[in-house]
Amino acid sequence: MNKKKQKRTKTTAEKQRKPISVKQLPPLKSDDIPSRGGKRAVKED
Amino acid sequence: MPFLRIDGLRTVNQLGQNATLFDPFSDALALTMDLHASADLLALPNAAFSAEFQIFDPHQHKVVVSTYWGSTFNWGQYFWISKGNNWGPPSAYQTPEQWGLNWTANSIFGFRGIVKAQYIPSPGSGWSAVDAFDVSAMRWFRVREIFRL
Numbered sequence: 001m002n003k004k005k006q007k008r009t010k011t012t013a014e015k016q017r018k019p020i021s022v023k024q025l026p027p028l029k030s031d032d033i034p035s036r037g038g039k040r041a042v043k044e045d
Numbered sequence: 046m047p048f049l050r051i052d053g054l055r056t057v058n059q060l061g062q063n064a065t066l067f068d069p070f071s072d073a074l075a076l077t078m079d080l081h082a083s084a085d086l087l088a089l090p091n092a093a094f095s096a097e098f099q100i101f102d103p104h105q106h107k108v109v110v111s112t113y114w115g116s117t118f119n120w121g122q123y124f125w126i127s128k129g130n131n132w133g134p135p136s137a138y139q140t141p142e143q144w145g146l147n148w149t150a151n152s153i154f155g156f157r158g159i160v161k162a163q164y165i166p167s168p169g170s171g172w173s174a175v176d177a178f179d180v181s182a183m184r185w186f187r188v189r190e191i192f193r194l
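Protein sequence lines correspond, in order, to chains A and B. One point on numbering: in my numbering, the residue at position 39 of the first sequence is 39, and numbering is uninterrupted. One point on numbering: in my numbering, the residue at position 48 of the second sequence is 93, and numbering is uninterrupted.
Okay, chain A solo, but in the shape it has when bound (with noise of 0.2 Å):
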């Protein structure tokens, strides 16, 4: 069994598809109004 493997040709549909490109979430922003946080007085899990 020396079954050569054959090589599939791209569709059209495959050959103009664009790759996809990653984009990176942006780092957490802030402005500088003025705020606070704190922690709620409810039972934890």
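Any given hint could turn out to be false.
What the hints assert, rightly or not - With beta-carbon atoms standing in for the labels, derived distance ranges:
1) B:83 x A:41: 17 to 25 Å
2) B:134 x A:20: 48 to 56 Å
3) B:173 x A:41: 26 to 34 Å
4) A:39 x B:113: 31 to 39 Å
5) B:104 x A:21: 38 to 46 Å
6) A:10 x B:176: 27 to 35 Å
7) A:27 x B:109: 20 to 28 Å
8) B:48 x A:7: 43 to 51 Å
9) A:21 x B:136: 46 to 54 Å
In short, the hints are calculated from the structure, not lab data. Glycine included, every Cβ here is placed at the ideal spot set by N, Cα and C.
We have chain A; now place chain B onto it with these hints.
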């Protein structure tokens, strides 16, 4: 399944009241979100969130204020975050005027919150999105029709 939820929105004045009517010049307006993050979200490496506080003008059908808070999770699963000084001194209050609102044509505005979570799967890999986000309903409030001469 990780989640990040907005449990509620509050528009808080200088008395700590969740108010819906504000004097544009003297009342503080702090935009506050009550958030709930799942335990498995907090367990992700370098889990963080980004929150956007929007003020919406229904007359123009437009977001007129957008302010951001990005942070790691510092307060456990249940926490609140707030933008705008309502703790004083009075000269430092973030009033509707300070927010930059224009209440000549319309005096009713909506506060909407948008939150989304992200994490760093491995050192140096950068941020990855998590399927954990929320967009709140609108909390409507009114600015008194008082104008400077």
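So which of those numbered hints doesn't the model satisfy?
4
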